[in-house]
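Protein chains: 2
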Amino acid sequence: MECSLTDWRVKRIGRWEVQFNMSALQEEKAVRLRDLAARLRIDSIQATTAAGSGHPSSCASAAEIVSALFFSVMRFNPAEPDNPENDAFVLSKGHAAPLLYSALAEAGVIPREELLKLRRIDSILEGHPTPRIPFVKAATGSLGQGLSVGVGLALAAKHLDRTADRTYVLLGDGESAEGAVWEAAASASHYGLDNLCAILDINRLGQSEPTMAGHDLAAYERRWQAFGWRTLSVDGHDVEQLLSAFETAAREKGRPTMILARTLKGKGIPEEEDKGGFHGKPVEKEAAEEAIRALERQIHGRAPEAKKPPATAQAVVEKVVEWRSEPPAPPYAPGGKPVATRKAFGEALAAIGAVNQDIVVLDGDVKNSTYTELFQEKHPERFFQMYIAEQNMVGAAMGLAAKGKIPFAATFACFLARAYDFVRMAAIGGSNIKLVGTHAGVSIGEDGPSQMGLEDLAMFAAQPNFLVLYPSDAVSAWRSVQLAAERIGPAYLRMTRPNTPVIYEDGESFQAGKCKVLRRSGDDRITIVGAGVTLFEALKAHKELLKKGIATRIVDLFSVQPIDAETLAACVEETGGRVLVVEDHYARGGIGEAVGAALAQYRPRVASLAVREIPRSGSPAELMDAFGISAGSIVRKVELLLEQS
Amino acid sequence: MECSLTDWRVKRIGRWEVQFNMSALQEEKAVRLRDLAARLRIDSIQATTAAGSGHPSSCASAAEIVSALFFSVMRFNPAEPDNPENDAFVLSKGHAAPLLYSALAEAGVIPREELLKLRRIDSILEGHPTPRIPFVKAATGSLGQGLSVGVGLALAAKHLDRTADRTYVLLGDGESAEGAVWEAAASASHYGLDNLCAILDINRLGQSEPTMAGHDLAAYERRWQAFGWRTLSVDGHDVEQLLSAFETAAREKGRPTMILARTLKGKGIPEEEDKGGFHGKPVEKEAAEEAIRALERQIHGRAPEAKKPPATAQAVVEKVVEWRSEPPAPPYAPGGKPVATRKAFGEALAAIGAVNQDIVVLDGDVKNSTYTELFQEKHPERFFQMYIAEQNMVGAAMGLAAKGKIPFAATFACFLARAYDFVRMAAIGGSNIKLVGTHAGVSIGEDGPSQMGLEDLAMFAAQPNFLVLYPSDAVSAWRSVQLAAERIGPAYLRMTRPNTPVIYEDGESFQAGKCKVLRRSGDDRITIVGAGVTLFEALKAHKELLKKGIATRIVDLFSVQPIDAETLAACVEETGGRVLVVEDHYARGGIGEAVGAALAQYRPRVASLAVREIPRSGSPAELMDAFGISAGSIVRKVELLLEQS
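Chains A and B, in that order, give the protein sequences. Per the numbering used here, the first sequence starts with residue -1, numbered consecutively. Per the numbering used here, the second sequence starts with residue -1, numbered consecutively.
No wet-lab data here; the hints were simulated from the structure.
Intra- or inter-copy, both count: the list cannot distinguish identical chains.
Below 20 Å or equal to it, Euclidean Cα-Cα: the simulated SDA-like pairs (lysine to any residue) are:
(1) Lys279 to Glu371
(2) Lys273 to Glu207
(3) Lys279 to Ser617
(4) Lys341 to Gly278
(5) Lys635 to Gln599
(6) Lys279 to Ile290
(7) Lys512 to Ile552
(8) Lys279 to Pro618
(9) Lys279 to Asn497
(10) Lys273 to Glu371
(11) Lys512 to Thr565
(12) Lys279 to Ala338
(13) Lys115 to Ser617
Small disclaimer: the values here were computed from a predicted structure and weren't measured.
Chain A extracted, bound-state conformation:
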């Protein structure tokens, strides 16, 4: 290689000025990165062939991209892989996990010996990445989610922590059909995330067919540019082009960069290169050995000693929630003006946010309905308008959580259905996100079923590690915000639209996994469990039934998951084994079934009033009556149950 004069650079090293031949140095670096790419391919083939499953061809197309990132571009400390000031990497195309694992082993983050345990039940190296693995920020593997996580990571660095770390997200071309990718694209440019750099591995081939755009890089350029991104098109197997693109991206100001990398699926695996039909298939043993031999021949340098990961690398640091001072008590009192739980949520968020700087809030263009605008007024720098794009809102919350924030993301309960696949992945990753759904149930009234959250409890409680709280009054709503913030892990809070009376004193203590018994006597003949609006219907029914000489025990469920099986069981035992659960939610997956499942071993008579058909528009009172969850419905049902038994 010839060197022109301009290749010589002067650099000061200590007291010395040294002339460097830059192109020779760069060529040396390029050789090293190409060698490493070959090694990443070898590892990916070996691991998947040993596992008997996996996606080597999807690893192969991105080997140079990952090599350049991990061994030249990114700044991170392998001894502290979860340091939030490391540059971050999100593998949105999670099925290329073995490539990432190999890079982490090369970098000395995980032991090399783990690689051949890929996909085994005794290994942390699962089929798709999870944060159980050091350096991994979020669980991926459901395509089209990584860029939103990247938005959250980059938002935290640029707009909250103001740190210099950069975020890199590697996407597959097939996954750019997912709308969530375009939600993230719009959001990243809206927030000017010039610390975010994404790479699209354009290998032309989806699982079952070529992608829509194939190798038409110009088509991708038009789309990403239209969404406000700088684009750089490169040969994704040319490390020099990649390095140059990453450098350009790092200098870009005011907008994110997308590196469009033209690649070949199966690159380096002779039989598979650029061919369909190999997605998600390990290479047969013989072909694998042959491919590995060919790849080994490509390696010029000597293999450096594999780095040993420091002993601390895998240690999970237990996060501690930091309150500057005691979280403030709710400013409500029984007998005062009725307050909607959604409003108390907003007020609590604003107040509690003042004593914890990690609390950040995201909203999907309904902040005047969810009352997150109250937080925004007090803490505008920690509020992010995410517009009508719920998937990206939840994904960005996952990214913020990975940076140590406590993100509360709110919209109507029903619209969180939009983000259910993100919710599922947040659960898999154990992400510390707090989702809040307002406007639960038919009690929203005239807007009709499209705006009613009637399956949100089914959604969230199905995820076994979600905390699910359902406050009924302003005091419990306020406390639910504090409980969600204090607990490390994913949480969901269900809030109601109409105003409800305040029933708890401001000092009342609430706990996850504990219900409240509101009415109790020695003569109680049945336990009635309610939550949200139905708790007040139950209280009305209690009065009505007392007039008829029927004493009932009234329970405010509050904590849907975990559920207070102990108190419930005691109540039911004391009330003739009878329990009636009333809820403003569809029957399946609601609190009726939660109570039924919790009490199964006690064989109670569990009856349930719930919404059992698709509702419609009407006034809240009309609808609660029409769908059988009003005080009147409760009275009738209790009388019927007592007659029957």
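Start from chain A and add chain B according to the hints.
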């Protein structure tokens, strides 16, 4: 207005050639459309003020667009509003419902008297449109879904029925932040849907804030053009510009058209025009009267007699499923080679599709895993590759269903979580879609939790009008396809990845709402309910337990919703009141709770084995054992339960 020579056109009317002054005629038409727009505004204000809620300002921005469409551009027969050859209109910004209702009343599809019953429980005119209203194709109101429905309608017309009708979709600008819109955008251009014309009502203001792009029409042009659409930017309050754009759109070949209409939110309501803070608020009575007086002054022509809708307009035609010949029987027999239910699903679809031309299939780039490729091989013209974009896949299925097709849309069960908000809206609209989720549960093995459907039953069974079937062997899988096709309304089929033994004869009859009792004796001490892979674990446990002298009754649940409470109750009564449900699904919302709820009144001892924590990678057998749903786990649990009672 001056007329140039070129304004004169000769037209043949019967035997006469008549010279028309086109510009005068067009001016006359424009006056009429402007008058109608004013009337639509008046109706929208009146209806929402009377209802005390609603979105008049969102109606006002689109009044000219709807006027031009309904009274000049669209071809439809008001006497047959649900004729599939009418031009179709989808109001993606469903909160502008009163505007649509007013247009339908003006057009003579619904009675004008209904308008003032808006949002009342006794009216079909709900807060957001549903197909209960004639001419409405799908429930809207969750933003960002309408364009996908439009894709389905236009696919049916262009690629299946080859009819000349056109599809129009009106979107709000705020909702274009939803990724689903861009999934639909990519899909529409991929399929060359030149019979699809969308209109973006760019009124600049979201619910809580201005939108990201405001009135920057050029920004929208770039995005839509980059996604392969023809764009036409117009003043959305200028009917002549709108008419000209619709004409241009109708002549466009090979790609869809997006009309970018610059509008003002609240147009025609003096206090609100182009101002924030009025979203979703009815106009106060006095301001409403004033606005109406001002709008009335804009009307030049006399009000034409309101058309009376024909008596038939609201009649719902009961759809009948047409089999050309008897649906073929499954080609499997007990004792033969094990077959995965997902494969039997694909084979059934291909075979049953041959005797019913209405069956169409959509897949999200996993056709070689869901086996829908078997249908594609036989019926390529009825197969649509929807790539990795599940929301659009389900939305397009809704559009196809509205055209009388029976769409089966398949992907991995877990990825249907991506489309849960569409599922919810399909339930609200009672859409005749058939969703199929393969790769359910931990039994998929090494790919890990991101690919495991463990909450799909919770999702689908929460929707009260979904049929949910969960076949265990190839014969029942085959029959489940037929049952889903025959039943009008939404359905979900859950399929398994691993091969399972064939246990039913090809002639075995299956029904929705009926389970199968597979092992039964007079000595049975407990009923064990399984489905999918766990049924075979239950059968193994049955054998194992028999060796220990413990007789068990084995039930194949098959139909999760409706559930066979009668048979289950009889079994449980005959087996000492004991039942154990075993499932490859999370505990909450799964078949355990379904059985528990169905039997609640009988107070059985319901025990459940289910996946109770986030799983991980491993072999199917290891995982089923580790998460406690294997034959071994069943044996241990049964012994424990019998000891305890």
